[in-house]
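S.K.: Below, each chain spelled out in residue letters.
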Amino acid sequence: MVEIILTLAAVCVGLAFLLALYRFVIGPQTVDRVIGFDVLTIISITGIVLAALLAQRVVYLDVALVYALLSFLGVIVVARYLEGGQ
Amino acid sequence: MNERKSSGNRSQAEAIDARRAFLLFATLLLFWILLNGSLAFGTLTAGAVAAGAITFLFKDSLSVFSGYRIMPASLVASVRFVAFFFRELVRANLQLARLVLTPSLPIRPAIVRVHTGLKSPVGRLLLANAITLTPGTLSVEIKGEWLYVHWVSAEAGAEVATARIAAGFERYLEVMYG
Amino acid sequence: MDVIGALILLAGTVFLLLGSLGLLRMPDAYNRIQAGTKAATLGTLLTLLGAAILMPAWWAKLLLIGLFLLFTNPLSSQVLARAAHRSGAALAPQTGVDHLAEDREDLS
Numbered sequence: 041m042v043e044i045i046l047t048l049a050a051v052c053v054g055l056a057f058l059l060a061l062y063r064f065v066i067g068p069q070t071v072d073r074v075i076g077f078d079v080l081t082i083i084s085i086t087g088i089v090l091a092a093l094l095a096q097r098v099v100y101l102d103v104a105l106v107y108a109l110l111s112f113l114g115v116i117v118v119a120r121y122l123e124g125g126q
Numbered sequence: 016m017n018e019r020k021s022s023g024n025r026s027q028a029e030a031i032d033a034r035r036a037f038l039l040f041a042t043l044l045l046f047w048i049l050l051n052g053s054l055a056f057g058t059l060t061a062g063a064v065a066a067g068a069i070t071f072l073f074k075d076s077l078s079v080f081s082g083y084r085i086m087p088a089s090l091v092a093s094v095r096f097v098a099f100f101f102r103e104l105v106r107a108n109l110q111l112a113r114l115v116l117t118p119s120l121p122i123r124p125a126i127v128r129v130h131t132g133l134k135s136p137v138g139r140l141l142l143a144n145a146i147t148l149t150p151g152t153l154s155v156e157i158k159g160e161w162l163y164v165h166w167v168s169a170e171a172g173a174e175v176a177t178a179r180i181a182a183g184f185e186r187y188l189e190v191m192y193g
Numbered sequence: 354m355d356v357i358g359a360l361i362l363l364a365g366t367v368f369l370l371l372g373s374l375g376l377l378r379m380p381d382a383y384n385r386i387q388a389g390t391k392a393a394t395l396g397t398l399l400t401l402l403g404a405a406i407l408m409p410a411w412w413a414k415l416l417l418i419g420l421f422l423l424f425t426n427p428l429s430s431q432v433l434a435r436a437a438h439r440s441g442a443a444l445a446p447q448t449g450v451d452h453l454a455e456d457r458e459d460l461s
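Line by line, the protein sequences are chains A, B and C. Once you know that position 38 of the first sequence is 78 in the working numbering, the rest is easy, because the numbers rise by one and skip nothing. Once you know that position 78 of the second sequence is 93 in the working numbering, the rest is easy, because the numbers rise by one and skip nothing. Once you know that position 62 of the third sequence is 415 in the working numbering, the rest is easy, because the numbers rise by one and skip nothing.
Isolated chain A (complex conformation) (with noise of 0.2 Å):
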């Protein structure tokens, strides 16, 4: 029954990917991209998390948290960059 519902679970995080990077992809601007970006890192930390429930490796959401830091940082300073190269 777990099984089952983490598969849905992991199907509809798939979903979300594909949907957020066809944002990325198509823009149209430079800003919208990056909000694809954002958008982008945060499922995958919930995909990390759910491959570290599913391969039962703690070690996973460390991977998780660093990700999350590296993400938020990467975000604000594509930010700045925006804010100033207009």
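Because the hints were derived from the structure by calculation, they are not lab data. Even for Gly, the Cβ is constructed at its ideal location relative to N, Cα and C. Just so you know, not all the hints are guaranteed correct.
Unchecked claim - Computed beta-carbon distance windows for the label pairs:
hint: 1; chain 1: B; residue 1: Gln110; chain 2: A; residue 2: Leu109; range: 25 to 33 Å
hint: 2; chain 1: B; residue 1: Ala30; chain 2: A; residue 2: Val117; range: 35 to 43 Å
hint: 3; chain 1: B; residue 1: His130; chain 2: A; residue 2: Ile116; range: 24 to 32 Å
hint: 4; chain 1: C; residue 1: Ile357; chain 2: B; residue 2: Ala30; range: 41 to 49 Å
hint: 5; chain 1: A; residue 1: Leu113; chain 2: B; residue 2: Arg106; range: 24 to 32 Å
hint: 6; chain 1: B; residue 1: Leu59; chain 2: C; residue 2: Ala454; range: 48 to 56 Å
Given chain A, work out where chains B and C should sit, using these hints.
M.R.: For chains B and C alone, kept in the frame of chain A given last:
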């Protein structure tokens, strides 16, 4: 009001700063323990040294506790703030889900001014963050006592924006930060 | 109990999916940020909660990830919204007033 602070006031202010520094230190150490999941002596010592260094090096920069009033009333207000915040977050998502699933996408966005009575920078920042995660609103810019908020369904009109958007959180943040 | 945890986790991922759908459907950058961040935040928090119910031993790390996201998600979306406005991202045609653009001259 007073041109010169009396020495009594100054040592009182120092005592409050010391308590805030301790609160920051304790929070950092707690995070360290959560991250390591162990209470071994070596782990604790390393964490205490790191947390102490951060507290000392950044004692003049802003943290969540800068300007936090350490008293029972603000603890109660903090708990209520968090509870209210989560309720609003769930409401925001249900509203958003309904909006996104409606084929015609019935949005009436606007960027409105919202006035805040909060004086503390951290209080204003928390207000802006809370607004961002609550139903249909997104902080775009903070300039002094004015917040500029993007509102997805602004049918109520810009006049009532302050009351609708900010007041719910402000009553708690006022107690916590003033 | 495990089933409840798994269902909460599933609910979280459904919110993520709805958020991505909103990200795709919304007409301008600001509305996209709104759809994206709100759903992503609650979605991830629910997923973490579900995971904590399934794996109680992992609660500390899951709590840390949740707290971190709770603070950084609204910050990054706010910084993105500001960047969008400062770099002149277009507003959707159905947008009403824009007080920020009106006040922009006085501010700078």
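S.K.: It remains to establish, for every hint, whether it holds in the given structure.
M.R.: Quick rundown of the hints versus the structure:
1. B:Gln110 <-> A:Leu109: 25 to 33 Å: Since Gln110 (chain B) and Leu109 (chain A) have Cβ atoms about 30 Å apart, the given range 25 to 33 Å holds.
2. B:Ala30 <-> A:Val117: 35 to 43 Å: holds, 39 Å
3. B:His130 <-> A:Ile116: 24 to 32 Å: holds, 27 Å
4. C:Ile357 <-> B:Ala30: 41 to 49 Å: holds, 47 Å
5. A:Leu113 <-> B:Arg106: 24 to 32 Å: holds, 31 Å
6. B:Leu59 <-> C:Ala454: 48 to 56 Å: At roughly 53 Å between Cβ atoms, Ala454 (chain C) and Leu59 (chain B) fall inside 48 to 56 Å, so the hint holds.
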